[in-house]
Amino acid sequence: MKFQLQVVVSLKPGLLDPQGKAIEGSLPAMGWANVSKVRVGKQVELTVEAESEEAAREQVEEMARRLLSNPVIEDFQILTAEQVGR
Amino acid sequence: MSLGKPRVGVVTFPGSLDDRDAIRAVALMGGEGVPLWHADRDLLGVDAVILPGGFSYGDYLRTGALARFAPIMDEVRDFADRGGPVVGICNGFQILCEAGLLAGALIRNRRLRFVCRFVDVRVETSLSPITEGLVPGEVLRIPVKHGEGQFVARPDDLARIEAEALVTFRYCGPGGELDDEHNVNGSTGSIAGIRSPQGNVAGLMPHPEHAVDPDVGPTGGQPLLASLLAFALARV
Chain G
1 MKFQLQVVVS
11 LKPGLLDPQG
21 KAIEGSLPAM
31 GWANVSKVRV
41 GKQVELTVEA
51 ESEEAAREQV
61 EEMARRLLSN
71 PVIEDFQILT
81 AEQVGR
Chain B
1001 MSLGKPRVGV
1011 VTFPGSLDDR
1021 DAIRAVALMG
1031 GEGVPLWHAD
1041 RDLLGVDAVI
1051 LPGGFSYGDY
1061 LRTGALARFA
1071 PIMDEVRDFA
1081 DRGGPVVGIC
1091 NGFQILCEAG
1101 LLAGALIRNR
1111 RLRFVCRFVD
1121 VRVETSLSPI
1131 TEGLVPGEVL
1141 RIPVKHGEGQ
1151 FVARPDDLAR
1161 IEAEALVTFR
1171 YCGPGGELDD
1181 EHNVNGSTGS
1191 IAGIRSPQGN
1201 VAGLMPHPEH
1211 AVDPDVGPTG
1221 GQPLLASLLA
1231 FALARV
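Sequence lines, in order, name chains G and B. Sequential numbering from 1 applies to the first sequence in my numbering. Sequential numbering from 1001 applies to the second sequence in my numbering.
Source of the hints: derived by calculation from the structure; they are not laboratory data. Wrong hints could be hidden among the right ones.
[As the list claims (entries may be wrong)] Within a straight-line C-alpha distance of at most 25 Å, the following computed SDA-like cross-link-like pairs (lysine to any residue) qualify:
id, chain 1, residue 1, chain 2, residue 2
1, G, K42, B, F1055
2, G, K12, B, G1173
3, G, K42, B, P1174
4, G, K12, B, R1154
5, G, K2, G, L46
6, B, K1145, B, P1174
7, G, K21, B, R1113
8, G, K42, B, L1112
9, G, K12, B, D1157
10, G, K37, B, R1113
11, G, K42, B, L1066
For reference, chain G alone in the conformation it holds in the complex (with noise of 0.2 Å):
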C-alpha cells in the first residue's frame, strides 16, 4: 500500500531563525504589527510503499533522523495524511 506522509522540519526553539527575523520585520510595514515569534521550517512530502502506515511511518523516521534533519539544530515532526488533512 501507498502512504503519504508529511515531515515538518523546525529549527529548535532557543536557535535564532533570521528568516523568521526577516518576516517578523516586515510585517508592520504592511499593516500587521500584531505578529511575533515568526518562524520558519520546511516541510517534505512523501509517500512510501509499505505494509502498513506504521511501518512507513517507522521508515520516514529514520529518514528524517539521518537525512532530513539536522539534530544539532532542528527537530521534526511527522504528520500523516489525515493528520495534514487530505
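Given chain G, put chain B in place with the hints provided.
What follows is chain B alone, placed relative to chain G:
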C-alpha cells in the same frame, strides 16, 4: 612516497567552486595538489585532504548535507580515523559538521546577508593541522564568502569545544579584540573554525586558499597551508 613534497588531495563535489584555487594554493606553498573526485573510492595515497568551498549538490536540503553521502567521504572518514589531516574550508566545514567529523553546525548568517570580504581572525590554538607552528593570539587577514556561516552547537558540545580548546580561530578586530561588531556572521563565541578532539580534523569558514598570493591581496592564508603541509609531511 613523497619526499619533501606532501601531496594534498582536494575533493571536487558537484558544485564545488574553490577546488582549483585550493590546488593552486597548495602548489604555491610548495606542496602537490591532487584532484580527487567525489564519486571515487580512492584517495590516491595523499598525505592530507582538503574539502573545498562551494555549493556542493546545490546545498539543497542543508549546506553540506548531501555531500556527506558521497562515496569518497567513506575514504575521508577512514583517513581521518587513522589520524590523517583533513581540512574543510567553508562548504567543506559544513560537510564535516554534517558528517559528524566535527561538532556543531553552520546556519544562516545573523543578518541574512551573504558576506564577502576580508576579516581578521585570531589564532586560538596551535594544536591543529592548520595552526601548528602558529602562536595563539596571532591575527591573520583572510577572506570569507558565505551566506551560512553562523556557527552553533548543542550546549554540551559547546562546553566541550571551549573546555578542550577545540576552537582554532575566532573572528576579531585588527588588534585581536573579540566583540560583536567583528563577529561577521553572529557565530557563537565568534567561532570561525574548530578542530576535532583528536586534533587532525579541522574546519573553518574563512578561505586560506584565497589569501596566499601577494600579487592579489593579503596573505593571511599562507601560514595555514604551510602548517598543513608540515603536518602532512611529519606523518609521511
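Checked hints:
1. Distance restraint check for K42 (chain G) and F1055 (chain B): the Cα-Cα separation of roughly 20 Å lies within the 25 Å cut-off, and the hinted pair is therefore satisfied.
2. Under the criterion of a C-alpha separation no larger than 25 Å, the hint pairing K12 (chain G) with G1173 (chain B) is inconsistent with the structure, at around 31 Å.
3. This hinted pair does not check out: K42 (chain G) and P1174 (chain B) have alpha carbons roughly 39 Å apart, beyond 25 Å.
4. The hinted pair formed by K12 (chain G) and R1154 (chain B) meets the criterion: a straight-line CA distance of about 10 Å does not exceed 25 Å.
5. In summary, the hint linking K2 (chain G) to L46 (chain G) is supported, as the alpha carbons are separated by about 10 Å, within the 25 Å threshold.
6. About 19 Å separates the Cα atoms of K1145 (chain B) and P1174 (chain B), which keeps this hinted pair within 25 Å; it holds.
7. Simply put, K21 (chain G) and R1113 (chain B) have alpha-carbon atoms about 13 Å apart, close enough for the 25 Å limit, and the pair holds.
8. Between the alpha carbons of K42 (chain G) and L1112 (chain B) the distance comes to roughly 17 Å, so the proposed pair stays at or under 25 Å and holds.
9. For the proposed pair K12 (chain G) and D1157 (chain B), the alpha carbon gap of about 15 Å is at most 25 Å, so the pair holds.
10. The straight-line distance between the Cα atoms of K37 (chain G) and R1113 (chain B) is roughly 21 Å, inside the 25 Å bound, and the hint therefore holds.
11. A distance of roughly 17 Å separates the Cα atoms of K42 (chain G) and L1066 (chain B); the hinted pair therefore holds under the 25 Å criterion.
Consistency note: the structure conflicts with the earlier hints numbered 2 and 3.
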